[in-house]
Amino acid sequence: MQPKYGIRRRKNPRLRNQKSRANGLVWIAAAGSLGAYVFCGGHSCFLYNMMPSSFPQYVTEVITGPMPDPPGVKLKKEGLQAKHPVVFVPGIVTGGLELWEGHSCADGLFRKRLWGGTFGEVYKRPLCWVEHMSLDNETGLDPSGVRVRPVTGLVAADYFAPGYFVWAVLIANLARIGYEEKTMYMAAYDWRLSFQNTEVRDQTLSRIKSNIELMVATNGGNKAVIIPHSMGVLYFLHFMKWVEAPAPMGGGGGPDWCAKHIKAVMNIGGPLLGVPKAVSGLFSAEAKDIAVARAIAPGVLDKDLFRIQTLQHIMKMTRTWDSTMSMIPKGGETIWGGLDWSPEEGYVPSKRKQSINDTEDPINTESQSKHVHYGRIISFGKDVAEGDSSEIQRIDFRDAIKGNNVANSTCHDVWTEYHDMGISGIKAVAEYKAYTAADVLDLLHYVAPKMMERGSAHFSYGIADNLDDPKYSHYKYWSNPLETRLPNAPDMEVYSMYGIGIPTERAYVYKQIPASDCYIPFQIDTSADEEDEDRCLKDGVFTVDGDETVPVLSAGFMSAKGWRGKTRFNPSGLKTYVREYDHAPPANLLEGRGTQSGAHVDIMGNFALIEDIMRVAAGATGDELGGDRVSSDIFKWSEKIELPL
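When we follow the numbering used here, the leftmost residue of the sequence shown carries the number 910, and every step to the right adds one.
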């Protein structure tokens, strides 16, 4: 039986035993949370529409109600046809990776997927899987004797796992108006690597450049429409600087390459200014979902159940993925706020819910009630998170002596840099009490110096004083929109398209835990809760408006203000648009992930977003779409940010 809209239903292989299956799910979910994704463990529970096509339409509509035409059907009826070639740029963790060379434990896995698909090898041999998914801790490239490479073609990221689409729905709808593989290109890359290292090892940036040039040349000179998702937004921002920069650091395309080859960049769920979720992932190998799972079933994530230290292995592996450091919050306290202020202060989710059906105008969700201190991205204790800053007694950790090594001989397989810290170093971290976006960088340098030394060679998190300074020609700045300029391409358009209306991680309450063998010394304190919904604190996590992964501020600020009009970050004044998609969950389980979702990955099946993309690909401009489409407070929050433009 086939579900509607040309999306294939794929069967799961039978798993050998329940214990192996549960173990695998823990590993995948834990690793996936570092990239801000959790899926359903291979079940076909996230199908686009779960009604089989063999059901009579009247039966389907009795259960689900009348379904609107998919965008491809609707726009084909209007006469739209393929015009501009389209390029998809996937984000972190959604692209498949396969084995080309490995150690003896990976015998029989040549060209089998280690990431994506059924994740069968995670269930069968988790430690071997971690060994091959890890990169070299010194170079950030391949370990000796291991070659894992990205899957190529549209199949690289059409589905993440069986039944869990990423790009498949958009591809199917584009095909309705005439697109095919020669006019669609998946810019697959190894999402574990730093952006520049994808060129060093695989020449990926050069391949993207060549493919775009070929597609434009063979499509009557029609410029390409680029569609990056999630971290792919940062990756393509890096590409636009690389392609015009002179060789050998850049692609040598010259200062007008983007103007000649790109019609529009339609960013979906872009963490342009980073995400707090990246901080919790790097700091304690968890986000809200993992922290809650630990609280509900603590043995699952500790060594007691499977005799392996799951989160420790995950931390060891993911800290070798330099790409994760691209999503550390950028702009410091200027963007994210300090101990006593943040752009989103006063956000009241209940007010937004009450107003959402009453007006099409942007909703003022601010209140004069007690503010959440979102600027304190990490707080040790609920009292610290909510108290007056004058009452917080902070002891600076930066020069603290770390003390004796707490690791022992049993930890060599799960070594993390915490095992080089003594009790005094761990105590110093907790005694600093509250960390802003500026403090977080110093914190990560303190607890993970080797990781951050690698990361600092490839990424930067500041705000440029003078973009004419020659230092900004270095690639480490190219993925930070606050330290680089958009291309000199006045006819090009940039869209920020993202979901809203879902509580999204913004700040965390942490606790220090008692010392034990091979432990991670800090955890999100899931006991920290507020009964009042408007206090936005649940399970140790303060939330704000967003798509469940990327806060509105990060996804929308640059198009709402930083790039709006002629600014020092957009000297040619190319047009920018903010297009928000208010989350509406599916009405029932049979609707699968729904057609109006604003969730970070599910938005890829949002009919309104797909229609916007298709119209631009067929030749429309942002003004013809209607310009901005905004329901959040992004413009008000942006005005609170005092950034010289």
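Accuracy of the hints is not assured; some may be wrong.
[As the list claims (entries may be wrong)] Quick list of in silico lysine-lysine cross-link-like pairs, BS3-like style, CA-CA up to 30 angstroms:
hint: 1; residue 1: Lys1484; residue 2: Lys1380
hint: 2; residue 1: Lys1336; residue 2: Lys1311
hint: 3; residue 1: Lys1447; residue 2: Lys1484
hint: 4; residue 1: Lys1291; residue 2: Lys1336
[Unchecked claim] Between beta-carbon pairs, the in silico distance windows are:
hint: 5; residue 1: Thr1048; residue 2: His1383; range: 42 to 50 angstroms
hint: 6; residue 1: Gly1054; residue 2: Asp1165; range: 38 to 46 angstroms
hint: 7; residue 1: Arg1056; residue 2: Glu1122; range: 47 to 55 angstroms
hint: 8; residue 1: Gly1482; residue 2: Gly1535; range: 40 to 48 angstroms
Please keep in mind that the hints were generated in silico from the structure rather than gathered at the bench.
Computed from a predicted model, the values in this text were never measured in an experiment.
Backbone N, C-alpha and C define an ideal beta-carbon position, used for all residues, glycine too.
Does 47 to 55 angstroms hold as the CB distance between Arg1056 and Glu1122, or does it fail?
violated, 28 angstroms
So if I understand the rule, the pair passes when the alpha-carbon distance is 30 angstroms or less; does Lys1336 with Lys1311 pass?
Distance of about 9 angstroms is within 30 angstroms: holds.
Hint says 38 to 46 angstroms; check whether the CB-CB distance for Gly1054 and Asp1165 agrees.
holds, 44 angstroms
Against the 30 angstroms threshold, does the CA-CA distance of Lys1291 and Lys1336 hold or violate the hint?
holds, 18 angstroms
Range hint 40 to 48 angstroms: satisfied by the CB atoms of Gly1482 and Gly1535?
violated, 20 angstroms
Check whether the Cα positions of Lys1447 and Lys1484 lie no farther apart than 30 angstroms.
violated, 39 angstroms
Are Thr1048 and His1383 spaced within 42 to 50 angstroms by their CB atoms?
violated, 19 angstroms
Lys1484 paired with Lys1380 [C-alpha distance capped at 30 angstroms]:
holds, 27 angstroms
Checked against the numbered hints above, the structure breaks hints 3, 5, 7, 8 and satisfies the rest.
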